[in-house]
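Here are the chains, one letter per residue:
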Amino acid sequence: MKKLILIVTYTIFWRNFLKIIIGLKYYNQQILRKKKQFILIANHNSHMDTMAIMSSMPSRYIHRVHPVAAEDFFGGNRFKEILMRYMVNATLIPRKRANSEEDVDPIEVMSNLLKKGRSIIIYPEGSRGAAGVMTDFKKGIGYLVKQNPTVDVIPVYLDGLYKTLPKGKNLILPYNCRIIFGDSINFDSFDLEDIINAAEKAIHKVKSLVE
Amino acid sequence: MEKIINSIDLSSQIQWVIAIILSILVIASISFWIWNKLSPSKLVKEMTLRTKSWWGMCFIFLFASTVNPIITYIGLAFLSFFTLREVYTLLKLRDSDRSTLLVCYLSIPIQYYFAYQGWYTMFLIFIPVFMFVIIPFLLVLSGDTDDIIRSMCILPTSLMLGVFGISHLALLISFPEMNEGNISGKALLLFLIFITEANDIMQFVFGKIFGRHKILPKVSPNKTWEGFIGGVISTTIIGYYMGFLTPLNSWQLILVSFCIAILGFMGDAIISAVKRDFGVKDMSNSIPGHGGFLDRIDSLSTTSSPFFHLIYFMVIA
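From first to last, the protein sequence lines stand for chains A and B. Following the working numbering, the numbering of the first sequence begins with 1 at its first residue and continues without gaps. Following the working numbering, the numbering of the second sequence begins with 212 at its first residue and continues without gaps.
Honestly, I wouldn't trust all of these hints.
[Stated by the list, open to error] Derived pair list, reagent style EDC-like, types lysine to aspartate or glutamate, alpha-carbon separation capped at 20 Å:
(1) K167(A) with D355(B)
(2) K492(B) with D191(A)
(3) K146(A) with D159(A)
(4) K116(A) with D105(A)
(5) K303(B) with D159(A)
(6) K138(A) with E102(A)
(7) K139(A) with E193(A)
(8) K25(A) with D355(B)
(9) K25(A) with D506(B)
[As the list claims (entries may be wrong)] Derived DEER-like restraints, expressed as beta-carbon distance ranges:
(10) G500(B) with Q30(A): 17 to 27 Å
(11) S240(B) with N16(A): 27 to 37 Å
(12) Q30(A) with L233(B): 44 to 54 Å
(13) K492(B) with I7(A): 31 to 41 Å
(14) I282(B) with E81(A): 42 to 52 Å
(15) N390(B) with E81(A): 12 to 22 Å
(16) S59(A) with F524(B): 29 to 39 Å
(17) S250(B) with D194(A): 49 to 59 Å
Just so you know, the hints here were simulated from the structure itself, not pulled from any lab data. A quick note: this is a predicted structure, and the numbers were derived from the prediction, not measured. All residues carry an ideal CB built from backbone N, CA and C; glycine is no exception.
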C-alpha cells in the first residue's frame, strides 16, 4: 500500500511535474538502477531537494528509501507525522545526539535502518542554509559511515533547485535546474575527519561532472 | 486514433513543402555523414548534431501543425513557456518578484486562448496594453521598491519576446480571414517558419564560407557583412520560389521575404546581445547543438508579428 502511494506520488506525479513544468534535468540517474542499498548525500537548500531525489528513485525499491528529517521541524503534530511517514517515506530524528539513556540517538536510528537493509537520504549540511551556498558538513555523516563501512555512499549535487522554492517561501515556480548523481565514494580511511572531507570533496566533484 | 488521422487534411502545397523539408534533411544528413568519413573535424561534428536536432524539431513541428489545431496551440504555448522559463532562470530577479512571475506565466494560456478564439483586438492589446500596466502595479503591491524599475522593465519585455511574438504563429491558423478562399493559415505558418529558419541557416552558411568583415564586432563576432548580405539575398530568392504557399504576387513576395530576412537578423542580434549581458554562450542546453529554445526561435519572435500584419495589410485590408 505504502509502496503504491509512493510510486503514484513520486514516479508518476512528481517526476513528470518536475521534468515538464519545473524544468528539472536528471543526469547519471541510471547508476541508481544497479544499487541495492546506499546512503545518499546531497547539498540542501530547498524542500524541493527531497522531492527531486525521491522522484529519481526506481519504483522497484522506492519504499525502501527513507529521507531523514529533523523531528523538531517536520514532526510536532500527528497530521504532519502521518504526512511525512506516508507521503515522503521519511524517518524523523532529533537534531542533537543523545546525552542520557532515555534520549533517542539519531545516528543509532539511521544505523538501525541501514542494518534492516533500507537506504537513507541525508543532507550532511544539517539545514537548508542560505540560497545556493553549501555550508560545512556536520559530523553525522562521519559517524554513520564509520559504523556502516560496507554501505555505498552516493554523492548528489542539486543545482538551482533553491530558486524554485527558496527558504521561507511557499510558491513553487519553474526554473531550469539539474540533479546530478555521482559514482559511489571510495573512502581511503575511516577516520571521522577524513570521511567528512572525502564526502564534501565528492559533492564538489559531482558538480563539475556536468558543465 | 482514427480521429487524429481524419483530422489531417493537407492541401497539395503543404504536402510539397513537407516533401521539400524532408529531402533537405535527408540530403544534409547524408552529405555531413560523407564529409565526416572523408575529413572529420569539429565543425562537421557540430553540424551533424545540429542536423539531428533539426530532424527532431521538424517532426515535432510537422506533427503539431498538421494534426488537430488544438495541439498546435498547446505546442506553441509550451514553446512560449519554455522560452520564458529559460529567460527567468538566467535573470537575476528579486525574491519579491516571485508572485509577479506567476502572473507572467499565467498570461501565456490567456494570450493563446485569445489566439484560439481569434479575438483579434484582445489578442493584440492584452500584452502591450494590459500586462504593461498590471505587471508594474503587482510589483508595487509587493511593497519592495529597491531596484523596482529594473523588474518593471524586464518582466513585460520578456513577455513581448517570449509570448507576444510567438503567439502570432497561433493567430495565423485561427484568424478567420486568413483561412478563407485560397488563403490558408497553415500554409502561411509553414511559409513563415520555413523562410525564417532558411534565413538563419543561410546567414550562418554564407558567414562561414565568405565571412571576412564583422558586422557587430562587440556583440556577436560570428556575424559578418558577407553572411548578412548573402543571407538576405538567398532568403529573398527562396521566399520568391516558395510563394505557392501564399496568395501574394511577385513583388509582394519579394518584399515580405526581404523583411523577414532583415527582421530575422535583428532578432538574432538582439538575443545575442542579451546573452552577452547574461554572460552565457547559449540560453540553456535543451536542444543539442543549438542551445536553448530562445537560441532557436530568436528570429521567429521578431519576424512573426510583422509577417502577420504585412499579410493582413496586403491581402485582407
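Quick rundown of the hints versus the structure:
1. A threshold of 20 Å between alpha carbons decides the hint, and for K167(A) with D355(B) the separation of about 18 Å falls inside it, so the pair holds.
2. A distance of roughly 43 Å separates the Cα atoms of K492(B) and D191(A); the hinted pair therefore is violated under the 20 Å criterion.
3. Restraint check for K146(A) and D159(A): not satisfied, since their Cα atoms lie roughly 28 Å apart, outside the 20 Å limit.
4. Distance check on the hinted pair: K116(A) and D105(A) sit about 17 Å apart at the alpha-carbon level, within 20 Å; holds.
5. Of the supplied pair hints, the one linking K303(B) and D159(A) holds, its CA atoms being roughly 16 Å apart against a limit of 20 Å.
6. About 23 Å separates the Cα atoms of K138(A) and E102(A), which puts this hinted pair outside 20 Å; it is violated.
7. Taking the CA atoms of K139(A) and E193(A), the gap is about 8 Å. The hint holds against a cut of 20 Å.
8. Under the criterion of a C-alpha separation no larger than 20 Å, the hint pairing K25(A) with D355(B) is inconsistent with the structure, at around 33 Å.
9. For the hint linking K25(A) to D506(B), the alpha-carbon distance of about 19 Å falls within 20 Å, and the restraint holds.
10. Our hint of 17 to 27 Å for G500(B) and Q30(A) holds, since their Cβ atoms are close to 23 Å apart.
11. Judged by the Cβ atoms, the range 27 to 37 Å given for S240(B) and N16(A) holds: they are separated by roughly 32 Å.
12. Separated by about 33 Å at the C-beta atoms, Q30(A) and L233(B) break the suggested range of 44 to 54 Å.
13. Separation of K492(B) from I7(A) is about 40 Å and conforms to the stated range, judged on CB atoms against 31 to 41 Å.
14. Hint check: I282(B) to E81(A), Cβ distance near 45 Å, so the stated range 42 to 52 Å holds.
15. One distance hint, 12 to 22 Å for the beta-carbon pair N390(B) and E81(A), is violated here, with the actual separation near 59 Å.
16. Here the CB-CB span from S59(A) to F524(B) is close to 57 Å, at odds with the stated 29 to 39 Å.
17. For the hinted restraint 49 to 59 Å between S250(B) and D194(A), the CB-CB distance of approximately 51 Å keeps it satisfied.
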